[in-house]
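Asks: This is what each chain is made of:
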Amino acid sequence: MIGEVMGEIAGEMTGGLLISLYLFTLAAFLGMDVIRKVPPTLYGALAAAVGAAAALAVVVALPSAGASRPGVAAALTTVAVMIGSAGVVGGLLRLRRLSHKRGGK
Amino acid sequence: MTAGLAAYGVPVLYIASAVFFIMGLKLMCRVRSVGRGGVLLGIGFLLAVLGIAIEAARLDPKFALIGLAGGVLLGLSLGYVTNIDLRPSVGPLLAAAGGITALLLGIAVFLHQESWPLANDLALSGGVRGAAVGLAVVSGAFALAFGLLAGFGPAARGAGRPAVVALAASASGLAAAMMGFALGNPIVVAVGGLTTTAGLSLSSIVANALGSKPLDVAFGTLGRRAGDEYSDVKACGPEETAMVLESARKVIFVPGYGMAVAQAQHALADLGKMLEARGAKVLYAIHPVAGLIPGHINILLDEAKIDTAQILEWEAANRELADTDVALAVGANDIVNPDARGNSQSAVFGMPFVDVGRAAAVFVLKRSLRPGAAGVKNPLFERPNTNMVFGDAKKVLQAIGVELKAQAPRKAA
Numbered sequence: 001m002i003g004e005v006m007g008e009i010a011g012e013m014t015g016g017l018l019i020s021l022y023l024f025t026l027a028a029f030l031g032m033d034v035i036r037k038v039p040p041t042l043y044g045a046l047a048a049a050v051g052a053a054a055a056l057a058v059v060v061a062l063p064s065a066g067a068s069r070p071g072v073a074a075a076l077t078t079v080a081v082m083i084g085s086a087g088v089v090g091g092l093l094r095l096r097r098l099s100h101k102r103g104g105k
Numbered sequence: 106m107t108a109g110l111a112a113y114g115v116p117v118l119y120i121a122s123a124v125f126f127i128m129g130l131k132l133m134c135r136v137r138s139v140g141r142g143g144v145l146l147g148i149g150f151l152l153a154v155l156g157i158a159i160e161a162a163r164l165d166p167k168f169a170l171i172g173l174a175g176g177v178l179l180g181l182s183l184g185y186v187t188n189i190d191l192r193p194s195v196g197p198l199l200a201a202a203g204g205i206t207a208l209l210l211g212i213a214v215f216l217h218q219e220s221w222p223l224a225n226d227l228a229l230s231g232g233v234r235g236a237a238v239g240l241a242v243v244s245g246a247f248a249l250a251f252g253l254l255a256g257f258g259p260a261a262r263g264a265g266r267p268a269v270v271a272l273a274a275s276a277s278g279l280a281a282a283m284m285g286f287a288l289g290n291p292i293v294v295a296v297g298g299l300t301t302t303a304g305l306s307l308s309s310i311v312a313n314a315l316g317s318k319p320l321d322v323a324f325g326t327l328g329r330r331a332g333d334e335y336s337d338v339k340a341c342g343p344e345e346t347a348m349v350l351e352s353a354r355k356v357i358f359v360p361g362y363g364m365a366v367a368q369a370q371h372a373l374a375d376l377g378k379m380l381e382a383r384g385a386k387v388l389y390a391i392h393p394v395a396g397l398i399p400g401h402i403n404i405l406l407d408e409a410k411i412d413t414a415q416i417l418e419w420e421a422a423n424r425e426l427a428d429t430d431v432a433l434a435v436g437a438n439d440i441v442n443p444d445a446r447g448n449s450q451s452a453v454f455g456m457p458f459v460d461v462g463r464a465a466a467v468f469v470l471k472r473s474l475r476p477g478a479a480g481v482k483n484p485l486f487e488r489p490n491t492n493m494v495f496g497d498a499k500k501v502l503q504a505i506g507v508e509l510k511a512q513a514p515r516k517a518a
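Residue numbers (this note's numbering), protein chains in the order written: chain V, 1 to 105; chain C, 106 to 518.
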């Protein structure tokens, strides 16, 4: 089983998996650098912003992921789109309210 | 035409959206630019939604569009209605929405392998895809767990809540990245990877300020050390203090006995003048029994040539504090203890006190959490808008000045 998967990974390494791994690694280092020093008054607002960004990333993935056939899968995907976009919009709203509360302009 | 737009236009929209998000997050780390950062995040969001709508419109039936519209409405209502105070709330759960989405999507995929109509060159297949989707589901479950802990767990009422919200966001980001791997969607991998580490980084910054670790904050094992009188005390350094001071329009200093001991009056006056030069209104509040003897602090401030028009007695200062951006208690403890009004059991009850907690942000410059002359605990230190800056008052004030100078000059309002 493991050998089979490893074989497949080796097969994918030249294509999508390799490119995705490159991107993931570079983006992960960028993420560490984007948030380095944060004043304590902005902790809450920034946490909401990162949450909204993560939700947006998933929502972007959704159209290519399904909801094209009726059935349980489509229903789940529809609910997934709904929760994801709620996370983005709600997260941005909370971010706005949190940063106003903390004296941001 | 439409096919060309979807093939080239949509990825460009997503890339632009990611750039706006990264720049927005970067700007949000500064008080000065948090508003601009929010605007950039909003633009990034709109660009991405446009891309999603274009893609979803090609799908049939239009479940994705229905979900998108419903989600925007749900998000608007949750974002407005949920409280942002430290009370249990579903609000923090929004940070886990990405993870929950990935979780549902993963289940849908396992139920129905054919619900992946748009395979592309980068998409994984077979067992590797299964592994990526599985990891997305596991990360999504973690995001949901952290979201619940942030909203209703032991950290929900404390200063540690943003640490747990950030953990939920980080797990959501990892789930997103794994979905991106499976689908071969590079922008999802990139933004997912970015938010994974940005969330982790933020979480450890917040937990570190509380003298703890992210998981200890999440599970409420914070401040349980034996003999520790305080829990939920946030500490930061001179740099973070300067980051908040740089955009403050009104600052009130409350010097206490510790300022006198450290002979910090000149450093205090220097910092005050620096803030005034940046356009801030600077005031000094003097408590009737601050210092060794009444009048002690007045003499020291006079020695540092601070204008007497900027010096207020405690009641006038309390009125001014209501619209103050930043209050700095310098070597002060009992004179800023809110138990003087709020706790009839306390030894300081009924005494005059400077109510620094009214300011939007409070910094307490102090050597340690040791009690003052009255020998009582000070609940001010545990308040969510209070930040401790430990160290010698003079050295800390000078260090804040150095950091403030290093900031870009403030633009005229």
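A couple of the hints might just be wrong.
As the list claims (entries may be wrong) - Pair by pair, the computed Cβ-Cβ distance ranges are:
id: 1; chain 1: V; residue 1: Leu18; chain 2: C; residue 2: Lys378; range: 17 to 27 Å
id: 2; chain 1: C; residue 1: Leu178; chain 2: V; residue 2: Ala75; range: 30 to 40 Å
id: 3; chain 1: C; residue 1: Ala174; chain 2: V; residue 2: Leu21; range: 28 to 38 Å
id: 4; chain 1: C; residue 1: Val144; chain 2: V; residue 2: Leu18; range: 34 to 44 Å
id: 5; chain 1: V; residue 1: Arg36; chain 2: C; residue 2: Gly147; range: 18 to 28 Å
id: 6; chain 1: C; residue 1: Pro476; chain 2: V; residue 2: Leu21; range: 52 to 62 Å
id: 7; chain 1: V; residue 1: Phe29; chain 2: C; residue 2: Ala452; range: 30 to 40 Å
In short, the hints are calculated from the structure, not lab data.
The beta-carbon is built from N, C-alpha and C at its ideal position, and this holds for glycine as well.
Asks: List in ascending order the numbers of the hints, as given earlier, that are violated by the structure.
Replies: 1, 2 and 7
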